[in-house]
Amino acid sequence: MTTARTGSATRWLRSATFSEGLVFCLLAVAPLAIPGFAGGLGGQVTSVLILCIAALGLNVMVGFAGLLHLGIAAFIGIGGMTLAILTVPTNPLEIGFLPAVVVSLVVTTCVGMLLGGPTLRLRGDSLAVVTLVFGEVVRVLLRNLEEITGGMQGLGPVPPPGAGVVIAGIDLGRSFVIDSRWFYYLALAVLATVVALLHGVERSPLGRAWSAVREDALAAATLGISVTRVRLSAYALAAALAGVAGCLSVASLGTTGDPNVFGFSRSVAILCAVILGGLGSIPGTLVGVTILFGFDIMVIPWADAWLQQMQPQAWTTGPLTLGSWRLALVGIALIVMMRFRPEGLVPSRRLAAELHEVHR
Amino acid sequence: MNRWRSSPRRTVSLPQADIPLLDVGRLTIRTDKTVLVDELEFDVTEGSMVALLDAGRGRRTAVLECIGNIRPASSGAVRVEGHRLKRAFTAATFWGVLGTGLLVGLLAAAAAVDVDRLWLATVKRGLAVDEPFTPATFGKRIRSYFRAELAIDRLAGNWRIVTADGRKVLAVRRDLEEARELRHQLQAAVTARRTGPGTIPDLSDLVGDANEPRRRLPLDEATFAQLAGGKRLIRLRGWTALGAGMTLGIALALAFWQRGRRSAQVAARAGVARTFRQPRVFPEMTVFENLLVAVEQKRDGTSWVQRRSGRGGATPTEEADAWLAWCDLADSGELPAGGVSWFDRRRLELARALAIQPRLLLADDPAEGLDSDQQQAVAMLLRDAQQRGVAIVLTAGATGPLTEACDRTIFLERQPAR
Amino acid sequence: MNLSSFFQQCVIGLIDGGVLGLIAVGYTLVYGTVGLIHLAHGDVVMLGGCLALFALSLVEPLALDPALGWLAIIAVTLGCGFCCGSLNVAIDWLIYRPLRQSAPLAPLVSAVGVSLILMNVGMLWLGSTDQAFPEVLPGNVKLAAGLPVTTADLLVLSLVLPAWGGLTLLLRRTRLGRSLRSVAAVSRAAAQRGGADQFLTATFFLGGFLGGVASVAAGIHTATINYQSGYQTGLYALTAAVLGGIGSVPGAIVGGVLVGLIRSVSTAALGPRWAAAAVFLMLIVILAFRPEGLFGQQRRAGEAG
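Protein chains in written order, with our numbering: chain A, 1 to 360; chain B, 361 to 778; chain C, 779 to 1083.
Honestly, the hints are just simulated from the structure, not real lab data.
Computed from the model, here is a short list of chain A residues facing chain C with C-beta under 7 Å:
1) PRO118
2) VAL133
3) CYS272
We put the CB at the ideal spot given by N, CA and C, even for glycine.
Next comes chain A alone, as it looks inside the complex (with noise of 0.2 Å):
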């Protein structure tokens, strides 16, 4: 809207739209002109943008409607764990990958609403508690139901998409399987997409209406926006985009895995990446996660790697490896960046003008 009222070529140029979408032609050259990306670096590339997805979602849920939400990673794994439950060899359902992404997005939605209902009275800190608890719930059963959930083990061998279709002499399983550079695009294509649809909703009347709840509810109210009715939607769709990350997640890894990585540390650590690149901004959230998750999955067995050849004595466990820091190293950047820039690294438009007022 505000583009096209004061549009001009220049501002087309510096905007986020233009800026990320270079960054999608880059990541959708970069398996082309890296070598070796069809091996493990593929694979935690994808990882990373899976999780740009479900912090998409929390940042529809802290950043454009104003609930803290301590409990995303639950939706990722109910999401994945629906796939898995309905792909599965092991159970007799098997209905394919595409109904099953649809079913698990129905169930996610449903379950993100069923959290909002009694919460809706809720604010700030109370909220932010019960999201939590309601998240170590989920992850509670989804450990402790073992026949359906298949506990500790989680559940496997997910089918890869397209199992069994062979399009032009090429069988779509396989390749997933073989080739990561597949999971890459696939999720590299869910995430653009889920970019565009959220650029659209922001500047929606939904979008607007989810500012005008987070900024003033009672205001908001006395204009006849349903507060009630704005907050569950954004319930939904953080819930939903949370359980789009899982089942890609799930159908990359081919397992759901332990379910305990659906708990909160997994939760706060998505948080903190959303204020990290600075909440509310969705090229923000995208840079949050790719630099701490980054970090997270591929640099510190990176470094660890390449100290231990330095170093080719006993040094791979202990104090002396990267990766027994890695809490603390995190933490220390958490506390650093919240001291000298709390907006976040790519802060959206209106809190930068909104902080720049506080400061002067």
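Using the hints, position chains B and C against chain A.
The following block gives chains B and C in isolation, referenced to the frame of chain A:
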């Protein structure tokens, strides 16, 4: 719910000349310690402008909050066009409440009948004995679970006769047919026990585990009693949990509905807009977006797509631009609303409230913090709104340009603290 | 579950709840004064446990007689309380204080950061496995047949009850206590105005001290400790604080006891793996009906969203 549209509405509603737009009857507002307002009565006719004058800030704000459904009245009634501003109990509410109750009840029942074991009995066990998974077999297995019947499953090439929930293994056989035969015998015994004691057939010569011939069937009196009682127990648990869960869910949904019944949103939808003493603009949104979000809340029967394409009259953008010009803020449309001056915020809030096309505007101390020129400007805006057919109730601590613009002034009586 | 085992679970739950309540007070005091969920509090308690583990494992081989052993435990408890209190104050000074005027989520994220650092310290200190808490006094001795109380329980009570008593006296009789209560009851804005720094330091110290006492009690009660126990115990304590109405000290006590009771009873009835789910579901249900918690201040309807 578009009965308060500004002009065509009058042709729709019945001619009720005797019913005032706003009717405040014996309104009493108490706090913990004092009586703020005692039995206040006044009415406001369509298109008039009324000032509520009182020295006590809390008191005059409380009256407006009661009218706008922000705070509950201790007693008395506020009617807009003869109706109290409450959401009605519609069919949708009924189904929503019932659905919530059912959902919570089902969740509770799932927990009570142990959904994990149910899954094992209905889905996985069928797979273990190579039974095809069809609705018929699924239904059979569900019934069998709720009847707490013995079942057969497979572990490491052996066929095991297990209780419905799979927690207890009664016998192990190498041959499926043999296992089926034994299960039949055992089930008959359990069923016999259910009908009455003393009819247990003698099974003591049967081997318990085909791989360990010396182990006997674990069928003592206690096990039998447990197996026989299982049927009642699981059903009892399921129904109890369903009932309790439904009660809880319905109570929750009703409480929730009751609370949302008299909300500011309901008042706004009925055509009552308001502004606040401290202008409550949305600070991070631009001035233009503040107006746009209000314009988009207008309910006039056209869909969003229609309005956006301009088929239902002006597009929301054009309409918001018109309001921007109305409140004389066209130059600062792109600024964050939190950054503009107090006077601008005051005018913006006024335009925003009017943008939802209300019939009644509650303006809480619109003169607060303004010099007399600015008060004049606000009075002009209010008079213009009045000419568009909006009735206005404003509050003030003392007379000024704004109260002079009003048709009528009502003094709230002072109440001694009780 | 028969009546006597129910009774036994209740006793265990009460003791457990007493310990949880002490930790919950740490959350509630900080929330009541600065309006921040001090997420690192559980990890402060965990580090207190590490310290106690270290100190008591020095004492353990001496095989002291009961009276001396008890005195040693009291000394270690006070020391832990002092260290945890100081750590809490240090966190406030270094991390939270510069962020008082900052964006609302900044202190919370910083709290997560502190929590991660402390957890990392605990991981390096304890390793990633469970450590047995040293038994200075023979713990698992039943006092009398049929009585569900062991000597360890008595020991825990001998730490928890004086702490509760002291806290009550402090809140009732001293100026600090009165202002704490009034702050929690009226508004925290009052505390943030002039001359608040000493007051906030005292609040953080008090919360940390009680956490330190609780860390020793929890160590004796559960007999093990690992680097994640801070997070787990902290989550229960936070639940207790929110359940009672965060910001209210009596609420934290009642919430702690409720959480302890439900945890032990559901452990006996449903098995230990469902205890967490039972406690957390109860929190969600209670908050759905009473958003401000059991003892919390009800907000005015006008400010409600």
